[in-house]
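Trainee: Each chain, written out:
There are 2 protein chains.
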Amino acid sequence: MKGNREFSPDWSEKPPDPGTYRSIFKWGGPDTFKHPNRKLYAVLKDRLQLTDDCFKSRRKEGRERVVLNRPIRLGDEHIDGLRRIVGEVNVAVDDYSRAKFSGGKTTEEALMLRRGMPRTVGDVVVHPRDKNDVRNIVDYCGEHGIPVYVYGGGSSVTFGLEAVKGGIVMVMSTHLNRVLNFNEADQTITVEAGIMGPQYEAMLNDAPRVFNAKRRYTCGHFPQSFEYSSVGGWIVTLGSGQQSTYYGDIYDIVVSQEYITPAGVFKTLEYPATATGPKINDIMKGSEGAFGILVAATLKIFRYMPENRRRFAFMFPTWHAAVDAARETSQGEFGMPSVFRISDPEETDVALKLYGIDGSILDSLMKLRGYAPMQRCLLIGTADGERRFAANVKNRVKKVCRAHGAMYLSGYPVKKWEHGRYTDPYMREDLNDFGIIIDTLETGVTWDGFHRLHEGVTRFIKTRPNTICMAHGSHFYPQGTNLYFIFILQEDEIDDYRDFHGKIVDRIVEYGGSLSHHHGVGKLLAPWMEPHLGTVQMNTLRALKRHFDPKNIMNPGGTLGLDLPDTGLRKR
Amino acid sequence: MKGNREFSPDWSEKPPDPGTYRSIFKWGGPDTFKHPNRKLYAVLKDRLQLTDDCFKSRRKEGRERVVLNRPIRLGDEHIDGLRRIVGEVNVAVDDYSRAKFSGGKTTEEALMLRRGMPRTVGDVVVHPRDKNDVRNIVDYCGEHGIPVYVYGGGSSVTFGLEAVKGGIVMVMSTHLNRVLNFNEADQTITVEAGIMGPQYEAMLNDAPRVFNAKRRYTCGHFPQSFEYSSVGGWIVTLGSGQQSTYYGDIYDIVVSQEYITPAGVFKTLEYPATATGPKINDIMKGSEGAFGILVAATLKIFRYMPENRRRFAFMFPTWHAAVDAARETSQGEFGMPSVFRISDPEETDVALKLYGIDGSILDSLMKLRGYAPMQRCLLIGTADGERRFAANVKNRVKKVCRAHGAMYLSGYPVKKWEHGRYTDPYMREDLNDFGIIIDTLETGVTWDGFHRLHEGVTRFIKTRPNTICMAHGSHFYPQGTNLYFIFILQEDEIDDYRDFHGKIVDRIVEYGGSLSHHHGVGKLLAPWMEPHLGTVQMNTLRALKRHFDPKNIMNPGGTLGLDLPDTGLRKR
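Protein sequences, first through last, are from chains E and C. Residue 565 in our numbering sits at position 565 of the first sequence, and the numbers go up by one each step. One rule links them: number in our numbering = place in the second sequence (from 1) + 572.
Here chain E stands alone, though its shape is the one from the complex (with noise of 0.2 Å):
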């Protein structure tokens, strides 16, 4: 007994060699690693119902160097055209950058990769220098009908990146991340898309010594992606910050953009409001590059007062008391929380577990006073803002809580969970080294249809046998919130975790819940787009399609369900 129990998996610490498989899916620094706990490697055993034995041999890992052996279709006069625009250094055609930069971080495309069989390649890889190379390249390929992909951080998971049609990658990352504005009299930068989360707030955190400023400022957006994604993808596809209950999501946050694309080329004004019609600059939030190119974008940033910060975290009886509690904190009009989640029985389960605080006297504790394991549900949060706003929002939040029948448990989870708030995903590849994926799908719903939602699809994925199923709500309105789920389960057929996980988003959407809350469509969720909207407003985004990019050049095969045949349309 004793020898099983203190068993370990061997989780791998061996960085990828450059050049693999594996260095392009591995989520982090080749070097860099985190493992699941002892604790949690009990829950997958236990829940996933596995032995030891199953930890002890891998499945492909992709160590191998990439060889597509997938011809370049495009003709080598468009590459040298294209080499005469950008310069031969910012050419690629070998085959690892063919491979890299046309995809993102897909479950699915993480699996294909270990097999060495990347979903979808473009032909050549081009990194603009400025924004005059993208508008020449794109001028260029509507020219000759070339499809264009655009890479910025690499983050998606919804196969946003994916170059279905071949053609070109354009990696804005490479040169497009510079500043080109500081106003501090407006709280606004201006950025080019290509910028990486780490560098934008390092800048700003850092602001009197940057750009000699008065004070010092942060970008108020971080998603779970916050290291390896861009300024542009988090507009282009509306994502969501950890912190956007106080900060507002991305479509808060930006001021204005500048595109390129095939019907022209154009700068949002910028204003803090205006009626002057509809607005041009946020029909394009969301275009995920299937109208034009975002190439800059002035953005808010907001005063970093990390002195003025509290933090809290409670523990609810069940989860309908953790949700009212929430429901009563989003309309109470005393100022929205910062960081602010709650997570159901499961997820709690394993928090607690992640967190060390599992068997500790705290929990003790909490089981003495009544709150049951798989009933009790976690709340963590923060505030942010002036000193005494973020007071005043924590001890509302202690009122509410506490009239909800929570019990408060310091600060202390929060800053476990602060650790891990980018580096959780790291673990996913020491599932799937050993054949278990790890997969998260999210939505949007209003405080009314909250319980329907995560009921019914919850009890969906449990209708799996030995299948984790966690969820918690993260992103908080006064109308709503998301769900984000995260499921575990033993798999190694692509093609049935593909047709479990089209099940799951089919049950998400017959529940009420939005099709994304923050990861964006893709051309993972393209088909489920036109049951979803339904066809009139389908018919205004392909209007919107056809007025920018009448050749169908940008990011062609699926993106948002613009350009599905009619068989891709989901039946449901």
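Be aware that one or more of the hints could be misleading.
Claimed, not checked - Where chain C lies over chain E, by a calculated footprint (3+ residues, C-beta under 8 Å): (1) 24–34; (2) 204–218; (3) 238–248; (4) 479–486; (5) 514–520.
The hints are simulated quantities; they were obtained by calculation from the structure and are not laboratory data. Even glycine gets a Cβ: it sits at the ideal position worked out from N, Cα and C.
Using the hints provided, position chain C relative to the given structure of chain E.
Mentor: Frame of chain E; chain C shown alone:
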């Protein structure tokens, strides 16, 4: 001397007779009046260089009954067709209906009505009973190429309602004014588009009785036109209420909308947030009837807690100090105030006279402390929301204002302002009766561009001799505010006034303001749309227009600058 000083004009208190032109253009009910007080009258005489004699005989008052002598160009068979759709009683072809429902409250409209010459009239007025009627009318008009104009509350100040091409005018407020759903869990209400402000707010305030709700609510949207505007009108023109700094513009308040367009009927989905591509819900906001007809909308509602309201007012030594304090308040992250207004020196001067502060002990105290007339600037505001939140906002504002050299004036000026917040426009009739025009233009601007815009526009207006120009900011955002210019001048020639008005708009655009912050574009500002937004953005709006309304029957004749002939482009 004494006799002269005591002269008071014979401001009219005679209600307009039913059926007269005056009954159409008069603000407020037939027997509600608000007259300039003696101090304001003295200011008018002084600044406009007028004598009491100028206020002894009235200009054209428009007290004649409406008689059009304009033939109905729509064939009898179509009028019969409309009667078959909505019923005989809901179709009107009388002169009064045609004149009343084919225009709004734009200054030039009022001046023309005084002369017995409405600028435009539709052929027939239709009062649809429900959305099916609207759909059948739109279908009918599409089939026969008949222009469709929509009338909500009638408060447009941008020629938004003018039936330029004749055809039919559809009045939404007659029947389409019902509540379709009240959802307390989501804090939303769904109403038909024609519901008027006061009815809407009264129901929400009285929600426990009307909807059996647990709490009382408020709509949060209080434009100056509140008494005479409809919820649908707020949305399609992108209105902004006097408490928008806290509650948001109507753009932020709308959750979903239902439209009937020539390209189809749809209702956008109700989610607190989505990432399913460009948001059709947002594309329709501000469409001013040019894409289709808004028949219903779901809006956020807010907790009605007047007991928590805090009021405050401050006097600043200079305009720059007031603006700096307003910016610091907007960016300080301690929560936004609700009402928030800063008045420039000239408006401050007039406001102190209107509010009875000029010449009071408080005034003496201010002067003693060095707050000099025509330099000093008034700030008034309120804080709403949860009790401690509101208290903190007021305390922080106080701190900010004092740091910028302001003197606290108690909440008294706010109460005076609240008293006149909807009725001040009633004074327009008094002034127009004596050939004095009072009009407004408004714009949005970033903090960085604020003073250049204010100075540039004010300077231009003041180049006209004997002209009052007042300005305030009243809608605040971290990135900027609006600027609202009020100008008063003696002018009898409409052509000359139109020319002067257009040149002010030229200056607004030249000095970097938005073409409109919250009045909308209508047909008045249409010629500036393309120079302002640029051709590529205008082409996007035109593509949407072609999609929704390929036959150009929806509010045709210039709306949003979509179907202006090339000669209509404003030359700069």
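Trainee: All the hints need checking, so say for each whether the structure fits it.
Mentor: Here's how the hints hold up against the structure:
With 0 residues bearing a CB less than 8 Å from a CB of chain C, the stretch 24–34 of chain E misses the requirement of three and the coverage assertion fails. Evaluation of the coverage hint for the stretch 204–218 of chain E: breached, as 0 residues show C-beta separations to chain C shorter than 8 Å, against a requirement of three. Coverage of the stretch 238–248 of chain E by chain C holds [criterion: at least 3 residues with CB-CB distance below 8 Å; count 3]. Counting residues of the stretch 479–486 of chain E whose CB lies closer than 8 Å to any CB of chain C gives 4, which reaches the minimum of 3, so the coverage claim holds.
Given a C-beta distance limit of less than 8 Å, the hint that chain C covers the stretch 514–520 of chain E holds, as 7 residues qualify and 3 suffice.
The earlier numbered hints that this structure contradicts are 1 and 2.
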